[in-house]
Structures are given as structure tokens and as C-alpha cells.
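Using the sequences plus the hints, can you model the full thing?
Sequence order for the protein chains is A and B.
Just so we're aligned, residue 1 is where the first sequence starts under the working numbering, counting upward by one.
Just so we're aligned, residue 299 is where the second sequence starts under the working numbering, counting upward by one.
If you're looking for bench data, these hints aren't it; they were derived computationally from the structure.
None of the values given here were measured: they were computed from a predicted structure.
Some hints could be false.
Claimed, not checked - Derived pair list, reagent style BS3-like, types lysine-lysine, alpha-carbon separation capped at 27 Å: (1) Lys410/B with Lys290/A; (2) Lys290/A with Lys414/B; (3) Lys290/A with Lys431/B.
Said to hold, decoys possible - Distance ranges between label pairs, derived from CB positions: (4) Asp159/A with Glu406/B: 53 to 63 Å; (5) Ala95/A with Ala432/B: 54 to 64 Å; (6) Ala626/B with Arg17/A: 51 to 61 Å; (7) Glu406/B with Val288/A: 29 to 39 Å; (8) Ser473/B with Gly87/A: 54 to 64 Å; (9) Gly29/A with Glu406/B: 45 to 55 Å; (10) Asn332/B with Ala95/A: 48 to 58 Å; (11) Ser165/A with Asp369/B: 51 to 61 Å.
As the list claims (entries may be wrong) - Derived coverage of chain B by chain A (criterion: at least 3 residues anywhere in the stretch with Cβ under 8 Å from a Cβ of chain A; other residues may be distant): (12) 402 to 410; (13) 545 to 551; (14) 588 to 595.
Note that beta-carbon positions come from the ideal geometry of N, C-alpha and C, so glycine has one too.
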Amino acid sequence: MTSTIPTRVSRDSEKRRDLLERMVLQGPGLLFITIFMATPITLVAIYSIFQRGRFGGIVYKATTENFTRALDPVYLGVLTDSLKIAGITTILAIAIGYPTAYAIAKLPTKWRSIALVLVVMPFWTNFLIRTYSWIMLFNREGLLNHALLKFNIIHTPLDLLYTQSAVVVGLLYGYLPLMILPLYASIERLDPQLGEAAANLGATRTRAFFSLTLPLTASGLIAGSIFVFIPSLGNFIVPELLGGGKTVMVGNLIRDQFLKARDWPFGSVLALSVIALVFIFFMLQNAVEKRFSSDAHD
Amino acid sequence: MTSPVKNLIEIKNLTHDYGSVRALDNVSLEIRENEFFALLGPSGCGKTTLLRILAGFETPLEGSVTLAGQDLISLPANKRPINLMFQSYALFPHMNVGQNVAYGLEREKLPKAEIKSRVEEVLKTVGLQDKVKARPSQLSGGQRQRVALARAIVKRPKLLLLDEPLSALDRKVRSEMQLELKRLQLEVGITFVVVTHDQEEAMSMADRIAVMVEGTVGQVDTPVDLYQRPATAYVGDFIGESNFFDGIIVPEGIKHASLGVLPGNRYGKDISGEAHLLIRPEDLRLAVSGEHSIPTMVQDVQFYGGASTLVLSIEGRSAPILMSQPGATSAQRGALVNLTWDPLKAIVLPRDSRRSAL
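Here it is in C-alpha cells:
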């Protein structure tokens with residue numbers, strides 16, 4: 001073995017090349033994040049500590065009032081309601097999405113891609129229109145009530161629309177594919193021999209599911225949960241259309257502060273609190289994923 | 299041997315299809331207690347199907363399998379006293395070595411202390427006691443295989459199935475593992491069934507081998523008998539190196555179209571019409587003048603240190619003749635030599651259409 005001792009010059013030029021390489025490779029991504037994430041968040045953070053202008057905008061006088069106002073039970077209630085609705089939506093998405101993703105992953109190869117296209121198909125239509133169509137279904141004169149009345153299951157039309165449940169259904173419908181896709185990806189790459197090995201070692205199907213399938217697909221489950229939970233938490237179209245004026249989520253509140261009440265600083269505080277929540281959930285995800293981390297997916 | 303041979307597994311008239319393909323065709327086999335048994339055959343011969351049926355991953359179309367007299371087919375995979383070492387090892391990637399090995403014992407709901415001591419004991423047996431906390435991804439191929447083996451034998455099964463156990467290992471680890479498997483089998487006293495396409499693997503380890511051909515069992519015998527007394531030309535060709543001559547049966551052997559009568563041994567079998575004569579390379583020797591012999595020309599000389607192989611040709615025959623002898627040889631390329639053999643060691647076999655397909 002002969003080893004070459006690197007000279008200072010070559011090490012320096014290597015370093016420079018490394019730096020150049022990194023700038024080329026990471027530069028565009030960093031630029032994107034700076035412009036579209038760091039800047040707006042910084043702006044929002046700055047707005048939050050100043051006073052509101054009369055017709056929107058801000059007056060540069062520092063205050064903590066915006067923050068204390070956010071602790072008002074009315075607003076805290078909206079926040080907890082939003083968390084609750086997004087949480088229920090996510091749990092239902094897991095309950096429906098996991099079996100669906102599992103079934104798709106076990107289909108013969110040629111049917112799999114067809115099923116996946118069907119899952120994604122709703123995305124080809126505008127989200128607003130898709131949400132609007134639920135009004136047609138949930139109306140007092142809507143299709144669902146009509147059918148239930150016709151088959152004598154109910155005798156007076158139900159108030160389905162403008163309820164929290166309607167909001168949950170709308171969010172679930174909108175974001176379910178975002179649960180199914182990452183779950184499908186993680187279930188599909190599970191080695192089927194692991195299941196056989198578990199059976200061979202004496203495990204029942206249930207035991208094999210909880211000791212192998214679930215932990216080995218945890219990454220997909222967590223990714224799907226985040227994809228559903230976060231947009232659900234911030235959504236304001238669904239609560240507006242399907243929740244009527246009755247169900248207000250934090251997304252509506254933020255939108256109203258900026259566009260209707262023209263209170264940018266308070267809107268910023270609310271926006272920051274959602275960002276903080278999302279951040280906490282990411283930390284939780286990280287912790288959970290570490291616990292279940294499998295080297296197979298490295 | 300005076301002690302009676304007891305059968306552990308009895309397979310009767312097993313038939314199984316995959317779609318329109320017949321994977322197993324009326325297979326009957328007995329596997330004895332405490333033996334090292336091998337299912338040997340090329341891919342697609344049905345050996346893996348048979349293994350999957352034994353493990354309970356596949357339910358056969360027809361036929362019966364019993365283990366120590368008890369019906370096995372009706373028992374679900376997770377209730378069978380049979381463990382399998384998968385070809386890909388199928389270790390659980392999210393569990394460490396200790397957890398992998400303990401998994402099967404935990405399913406038996408054994409006390410924690412017993413699980414712990416048995417896991418420690420089996421890891422010591424396979425030489426991995428210091429890897430308890432390692433993840434499968436941190437192990438080498440040979441170590442992963444040891445974990446897979448430990449995970450299977452820790453359950454103390456009546457039967458251990460090994461699917462191509464040496465195929466993924468490099469040459470050096472292979473021979474180590476080969477010895478180790480053999481040692482383990484004697485030590486733990488479990489019946490081993492190895493499924494393999496590699497005759498060396500089967501010949502070197504197994505007490506008895508079943509050679510499988512196109513969904514049927516061609517022959518079940520000890521390695522030596524398979525080599526020296528193959529029942530069919532297919533088996534003779536599949537196992538080891540061989541020289542085949544085709545001809546018509548005559549009392550002394552066969553009559554070859556151009557070489558005349560080639561003497562051989564029928565081993566009392568009743569054969570008529572077309573037949574093959576099989577001579578192993580080491581049973582051929584250079585003839586002294588006056589002996590009955592066949593004229594050949596030396597094409598190539600291969601020297602392996604301990605032995606040499608002569609590659610010889612006969613006019614009008616495309617397949618070369620192989621002759622091996624201990625030590626070096628004085629034969630030169632291009633030399634004309636006469637070959638002869640001991641008629642007792644040349645085997646006359648009935649015509650086998652499958653051999654000509656090879």
C-alpha cells in the first residue's frame with residue numbers, strides 16, 4: 001500500500017471545489033426557502049409585535065397586546081376547535097386510508113396503478129368546486145336527505161350541512177389521498193417474506209400486523225398524518241362552505257383578521273401560533289419516527 | 299445398523315399446481331428422524347413448492363403430509379413445529395439481534411427469564427453473543443445468516459427447513475458455514491431439510507438427497523450412491539461430471555454406432571432397446587496395447603495440483619470426453635491415446651429423454 005500525503009495546496013483547492021459543488025447543488029433550494037419561507041415568516045413575526053394601522057398595514061409602535069389578546073378564551077376556543085377538527089379528520093383518514101392503502105398494495109401489479117390513479121383523480125378538479133359539491137349532497141333538500149326520506153329511514157330532513165361533522169367530512173374527502181399515497185408507498189415496499197417469517201415463528205396475523213407491519217410502515221403513517229393534519233388545521237374554505245358561520249377554524253380567523261378586520265398584527269400572532277403548533281407536531285413526529293426507525297428504510 | 303429407522307415426515311402423493319403449471323406431480327417421500335436431508339434440483343423442479351407446503355405457506359391440491367404420524371396439512375403455518383431459515387434470511391429490520399431471536403419464543407408465551415437464557419445460549423452456539431444489540435443492517439452476510447439460523451433453532455423445532463442456505467455467501471464463509479451447519483445438526487439433534495440447486499452443497503452436507511426433476515422425485519439416496527449408482531441418466535448427468543455414450547443394449551453393455559461394443563454394468567436392471575452408458579471421468583484410464591479401448595485425441599490438459607483432467611475428443615462426436623487422474627499427467631495436447639475402463643464401474647442406464655434435453 002502506498003499512501004499519498006495530500007499537500008496543502010491540493011487540500012485547499014479541494015476545499016474550494018467542495019464549496020462550489022455545495023453552492024451549485026444546495027443553492028437553488030436555499031434560495032427558494034429564503035424567499036418563500038424565511039422572508040414571509042420573518043415579516044409575520046415582525047408584524048406581530050407592532051400595532052395595527054387603521055386601514056390595514058401596521059404602525060411601528062411595539063406592543064405585546066396582540067399576544068395577550070390571543071389568549072382570550074374566544075380565540076383559544078377557536079384554536080382548540082381547529083385542533084380537534086384536524087385531529088378527528090386525521091384519525092378518520094388513518095382508519096379509512098390504512099386499509100385502502102394496504103388493499104391497493106396487495107393488488108396485482110397492473111391493477112395497482114389503476115387504483116392509484118383513481119385515488120389521485122379528485123385532484124384533477126378544483127378543491128373549491130369539490131367542496132361546493134358536498135353542499136348539494138348535504139343540503140336539507142340535498143341528495144342524501146332526499147334518499148333517506150324516500151326510503152323512509154327518516155321522516156324530516158336532517159340538518160347535515162353547517163355542522164362540525166360536515167367540516168370533518170369535507171376535510172377528510174379533500175385530504176384522504178394525501179394519507180393513502182405515503183402509506184401505500186411504505187406498505188408496498190414491505191418484504192412479504194417478513195410476514196411469512198412471523199407466521200413461521202408462531203405469530204398470528206394480528207400479532208404479525210402489530211409487531212411488524214405497523215412499525216415498519218410507521219414512517220408512511222406519520223407522513224400521511226402530517227399531510228392531512230396540517231392542511232386541515234389551516235384550511236378555511238371547507239369550514240366556510242360546509243361549516244357556514246357556525247364552525248370557525250383558525251384559518252378563517254386569520255383570513256378575517258387580514259382581509260376583513262384589517263388587523264394585520266393580530267392575524268400575524270394567530271398565524272405564528274399555528275406555525276408553532278405545526279413545529280411542535282414535527283418534533284413529535286421526529287421523536288416517534290426515531291423510536292420506530294427501521295434500518296430497512298435507510 | 300440395528301436401531302429401527304423412524305420416519306419423521308411422510309409425504310404421500312403430493313400434487314400441486316401454480317395456475318396451469320404443475321409444480322409437484324404425485325410426490326412421495328420419507329424424511330427420517332435426525333437426518334440431514336437435501337432436496338436437490340434445478341430451479342423450477344418443485345423443491346421450493348415442497349418447502350413452502352412443509353412450512354404451511356402453501357396448501358397442496360392433493361396428497362398428504364404427516365409429521366410423526368400427525369396430519370400436517372390441516373395445521374396453520376404458525377402452529378407447526380417446523381422452522382424455516384429463509385434464503386433472504388427475512389430478519390426483522392426494526393429489531394436487534396436479540397429481539398429477532400426472541401420473537402419466536404415470545405409467541406410461545408415463555409417466561410422472560412427462560413427466553414433470555416435460551417436466546418443467550420443459542421447466540422453463543424452460533425458465535426454471536428456479542429451482537430445481541432446490533433441491528434441486522436449492521437451485520438455481515440454471514441452474521442445475518444447466523445441470526446436467521448439462531449432464530450429458527452431457538453424454537454427447538456422438530457424439523458428445520460433451510461432454503462438455499464449457502465447461496466448468498468462467498469466461498470470462504472460458505473465452507474465455514476457448511477461445517478457449522480453439519481456440527482449444529484449433530485449437536486441439536488434436529489432433522490434438517492436443505493433445499494438447494496447446488497449439488498456440492500447437498501452432497502457435502504446431506505445424509506440423503508432427493509433429486510427432483512420437473513415436479514417429481516427422480517431418486518432418493520445417499521450422496522455416494524447417487525454418484526455411483528444413479529437410477530436414471532438424468533440423475534447421473536445432474537450429479538457430478540460424467541461421460542455419456544448412447545447405443546443399443548447388448549449383453550456386455552451397449553453397442554455404439556461407430557465405437558462398437560462398450561462394456562458396462564447393468565446392476566441387474568432389466569433394460570432393452572436404446573440405452574446410455576455412463577462413465578465417470580476418474581473411472582477412465584489410458585489403455586495398454588491389446589486391451590479393448592476407444593481411440594481419442596487429447597484436446598486439452600488441465601492441471602489442478604492434486605489431480606489433472608484430460609479433455610479428449612472422438613471423431614464424429616461433439617461432446618468432449620473427460621478423464622481425470624491423480625497428480626500430473628505426461629499426456630500432451632494433440633496426442634492420440636486409447637481409453638479403457640473397468641466394465642463394472644461403467645453404468646448402463648435406460649434411455650432418458652430428459653438427459654438429451656440437457
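Results for each hint:
Between the alpha carbons of lysine 410/B and lysine 290/A the distance comes to roughly 26 Å, so the proposed pair stays at or under 27 Å and holds. Of the supplied pair hints, the one linking lysine 290/A and lysine 414/B holds, its CA atoms being roughly 25 Å apart against a limit of 27 Å. For the suggested pair lysine 290/A and lysine 431/B, the alpha carbons sit about 16 Å apart, so the restraint of at most 27 Å is met. Between aspartate 159/A and glutamate 406/B the C-beta distance comes to about 56 Å, which sits within the given range of 53 to 63 Å.
Here the CB-CB span from alanine 95/A to alanine 432/B is close to 36 Å, at odds with the stated 54 to 64 Å. At about 58 Å, the CB distance of alanine 626/B to arginine 17/A agrees with the hint of 51 to 61 Å. For glutamate 406/B and valine 288/A, the hinted distance range of 29 to 39 Å is satisfied, since their beta carbons lie about 30 Å from each other. The beta-carbon spacing between serine 473/B and glycine 87/A, approximately 59 Å, falls within the hinted interval of 54 to 64 Å.
Take glycine 29/A and glutamate 406/B: their Cβ atoms lie about 52 Å apart, and the range 45 to 55 Å holds. A beta carbon spacing of about 51 Å between asparagine 332/B and alanine 95/A agrees with the range 48 to 58 Å that was offered as a hint. Here the CB-CB span from serine 165/A to aspartate 369/B is close to 54 Å, well matched to the stated 51 to 61 Å. For a cut-off of 8 Å, the count of residues in the stretch 402 to 410 of chain B with a CB near a CB of chain A stands at 3, and the three-residue condition holds.
Given a C-beta distance limit of less than 8 Å, the hint that chain A covers the stretch 545 to 551 of chain B is violated, as 0 residues qualify and 3 are needed. Check on the stretch 588 to 595 of chain B: 0 of its residues sit with their Cβ under 8 Å from a Cβ of chain A, so the three-residue criterion for coverage is violated.
Of the hints listed earlier, those the structure fails to meet are numbers 5, 13, 14, in rising order.
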